[in-house]
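**Student:** The lines below spell out each chain.
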Amino acid sequence: MNFTLKIWRQRDAKSQGAFETYKVTDISADTSFLEMMDILNNNLIHEGKEPVAFDHDCREGICGMCSMHINGHAHGPSQAVTTCQMYMRKFKDGSTITIEPWRSAAFPVIRDLVVDRGAYDKILQAGGFISVRTNSVPDGNAIPIPKKDADESMDAAACVGCGACAATCKNGSAMLFVAARVSSLAKLPQGKVEGARRAKAMVAKMDELGFGNCTNTGACQAQCPKSISIAHIARLNREFLAAKLQD
Amino acid sequence: MSCFLTNSSLGKKLVMSISGCFLVLFILFHMAMNLTMLFSWEAYNAICEFLGANWYALAGTVILAAGVAVHFIYAFILTIDNYRARGKQRYAVTVQEKGVSWASKNMLVLGVIVILGLCLHLVHFWSKMQLVEIMGMHNSLVADYNVAPTNGAALMMITFSNPINVVLYLVWFAALWFHLTHGVWSMFQTVGFANDTWYPRLKCLANIVATLIFLGFAVVAVYCYFVSTPQLIESMLA
Amino acid sequence: MAYKLDAKTPAGPLAEKWSNHKAAIKVVSPANKRKLDIIVVGTGLGGASAAASLGELGYNVKIFCISDSPRRAHSIAAQGGINAAKNYQNDNDSIYRLFYDTIKGGDYRAREANVYRLAEVSNLIIDQCVAQGVPFAREYGGLLANRSFGGAQVSRTFYARGQTGQQLLLGAYSVLNKEIAAGSVKSYPRHEMLDIVIENGEACGIIARNLVTGEIERHGAHAVVIATGGYGNVFFLSTNAMASNGSAAFQCYRKGAGFANPCFTQIHPTCIPVHGTQQSKLTLMSESLRNDGRIWVPKKMEDVEAIRKGAKLPSDIAEEDRDYYLERRYPAFGNLVPRDVASRAAKERCDAGFGVNETGLAVFLDFKTAIERLGKETIKQRYGNLFDMYEEITDVNPYEQPMQIFPAVHYTMGGIWVDYNLMTTIPGLYAIGEANFSDHGANRLGASALMQGLADGYFVLPYTIGDYLAKKIQAPKIDTTTKAFDEAEAGVRARIERLFAIKGNQSVDDIHKRLGLIMWDNVGMARTKESLEKAIVEIQALRKEFYKDLKLVGDNNSFNVELEKALRLEDFLELGELMARDALNREESCGGHFRSEHQTEDGEALRHDDKFAYAAVWEYKGIDEVPEMTIEPLEYEFVHRAQRNYKD
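Protein chains in written order, with the working numbering: chain H, 1 to 247; chain G, 1001 to 1238; chain E, 2001 to 2648.
FYI, nobody ran anything at the bench for these hints, they're computed from the structure.
Note that the structure is predicted; figures quoted are calculated from it, not measured.
Every residue gets a Cβ at the ideal spot worked out from N, C-alpha and C, and that includes glycine.
You may find that some hints are simply not true.
[Said to hold, decoys possible] Derived DEER-like restraints, expressed as beta-carbon distance ranges:
#	chain 1	residue 1	chain 2	residue 2	range
1	H	Pro189	G	Phe1193	45 to 55 Å
2	E	Ile2393	H	Thr96	23 to 33 Å
3	G	Ile1077	E	Lys2186	31 to 41 Å
Can you build the whole structure from these sequences, using the hints too?
**Tutor:** And the structure:
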């Protein structure tokens, strides 16, 4: 298969970026999208040009590192997968593929397709944890947790922190990410203890870092590689408002 | 507590949700009132008379205006926030995501159309009715007719005898329909009353409310257009 | 000068060693902890849990990771689960049984005391993770659920769907975040350690490169902890993440830390086969598939050829023409033999010419019998997500046609030598998790890697590091302007400049792929004296070529992935040779290390306990010099070493 690639190139956060067009030829349909990028990069190196910088690591859809906006979709046109889990057979032979970095004020471009997602770490540092010390804990079976609650908590905990939600949202809102963490812990008895504090602190940090406001479009859920539901956003809203009303 | 309604994204959203809910309730009331036109224009005028420049009607009007203003101003504040959050550099290629409604991504545009329609509506009706009473006058001139401020039925008949007005109002109602299909379920989501089981129900409710409102208003406007004759208007003014 | 290795194994009965040791070692008072700095390199399960626990204790901790967030570490990709001897299933599990299974699974090449401690703290890990909010699978009664895993006769594996590693890492990462917020831990994402600094024989800091700006930074500390995982990527193709590397460990080795058993590599039997020359990463299919899948190749060569040409589908092959070779060779364990055995059996069939894809390097994993027996729905419930993933990657529907699988490099048991305190041969330098060599011997059991990372980080290192730091309470802040730091930084700069100056024709990946092939063909699943000697010669030649013909684009003062890769490859080119040398020295077969000269009549691994019951610890002597080996004898006081038998 042959493709024309329109890729965003930008030297660093301060530089002006622009699209550049490249051609890749003779790509097997079984090649993964990132392997196709590897092939392009190896060609570029042999031509003495700088390869396209992009984030990637596990290539199994779990680390959350890969982050490309492909033909208008975060993580490409396939549903419920990360960029690394996409294969070239999903694309039409001879087509042009436009590849952009995440675009959101809170995710500045570091280089080419690489963005700085440190804001997500900061939100979690604000309260995305249960305050337990190592070793001062009860037996794992001391508190029974209904299977349904544990399962729902796990649904939310599947978030890989890739940033697709904020990158896709027309408002640049990180609500799905924040909600996934708040909701996952809120469903567990051990997480409920500091639930109110957590919801307030994380929302405040999210606002402070310049993420936008959720308008319930649901675009985040549609593009989330882990299909995390906006029902978790409803739970965050509930947790937050209940916490505020108690103040 | 005091300030989360103004400085927190979720607080601001709560204000949108509550004010939106209030406006939906008002619209439903207004629609019910309009529907009396289909049965008896005298009954409609009786309501108009009741809702003249009395203290309770005036207080209601002020609260309503405040509701609209809050909903509108917050919408702009949120949109400006969101525009900033999106960053300077925009995507070259965007798509409509699966399962994402067009209305949800265009609430501000729809809202602006609704507001413009509202302005037109205030010129057409409120300025000829409550405003006239407030100013202590007894009638106003509409398309060569002298209409008393409590004669809402005649005013409606005169206004919708003009097909341009009918079309403008239908466009207005359509924008409102789109706005409500997203807005109604969204206000439940914002206060946290929603989950995967309830999304289909809430979205269905939103569609029902939006459609009911559209039909309830549209049918009266269209009805007036078809039945309005100079004779009928004259008789109503008599 | 050979090492004087002291494992510091405490005396006393097996079950009391750890308690006795904890009672005997020194502690640092809270007021003094505030004065002490610790650097933790790597933020996977080991690094994150250690940094969080040390921060809680009051030390000043700095953490370094090469990715954009601590949460990306490759621990996240572990699927199956984590073992613990809770005996929640009432199947007569115990700490001793977990200890015994682990030491036997490792083919008796691990230290008894270390493995027993691992089993002992395993229960605490589960409690800790539950308290952190890890959503482990639950039964309807609300209590924790378990599943079975290879190499054990009890059900002791705790899991969170197929994402156990992710959930455990997010748990450790969340408590790490708590400490970052509290100010006790300072995080340096997108930073790579390029050298360790030694002063007066003790570790006192690192040289790190800021991967965004290219700046070379100095960081001093009273102790340095290496938690950077394994070096499986020396093979280029492995199930490791793309950025996983052995460089931090290798810098420690260069500066004098002993490197133990580098040849012990785990090859996982169920990975998706390589499909061409452009592949960059292999995908693991969970070991759990072997519970219901049957592994086979055709009996007749004409069927093999017909399948390769596409003239026949695998499902066309009649039952009597299929060779279920694991069931044939190992009637008692069948498809559930340990990983090393299953991998070698697949290789044996493919070497005989029965590989079923165009490369001849694949066997079938078939669910036909299971679907007939249990129904498609049940199979879907059990493995639905794995089947979907397989179809996404290969475009073959595994409900209709068997999966194709082949072994791939997965984990490295070898690593930096550490004593019972997890300290390396360099005082003040510690190694934890996959980066050290301590607990898995020659082969690791499934669901034990997560256990070891967290055991080291939460429950061992925070105590044992105090024993060393108690001597440092009078020490001032580390001065990073000393000669040792100057030299280390100059060395790093010179290394980088040297690579840029080569200006050759081959990219990093071009050379890395060639190294990978040499390693896979000669230091892979089966090794011989000849293949290993050949590998050493070829790697040395390739290394020379690297220094002559590397093409490195870009510059040092910006985000430059090629430079990162080149530096890692430079280390792999030496590490590969070290692995071959270690494999050459170990003239026996054990666990993941199979020397074809040393097998039983049935083709099974043949250990030589009389000669090789030791850990081989290598000391660096220079880039083209032969390293010196020191032996740490493995004395077994409590367990009798037996030949592993999976036939009957």
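**Student:** Each hint should be assessed against the structure and marked as holding or not.
**Tutor:** Status of each hint after checking the structure:
A C-beta distance of roughly 23 Å is found between Pro189(H) and Phe1193(G), which places it outside the suggested range of 45 to 55 Å. A hinted range of 23 to 33 Å holds for the C-beta pair Ile2393(E) and Thr96(H), which are about 25 Å apart. Checked against the hint of 31 to 41 Å, the pair Ile1077(G) and Lys2186(E) passes, with Cβ atoms roughly 37 Å apart.
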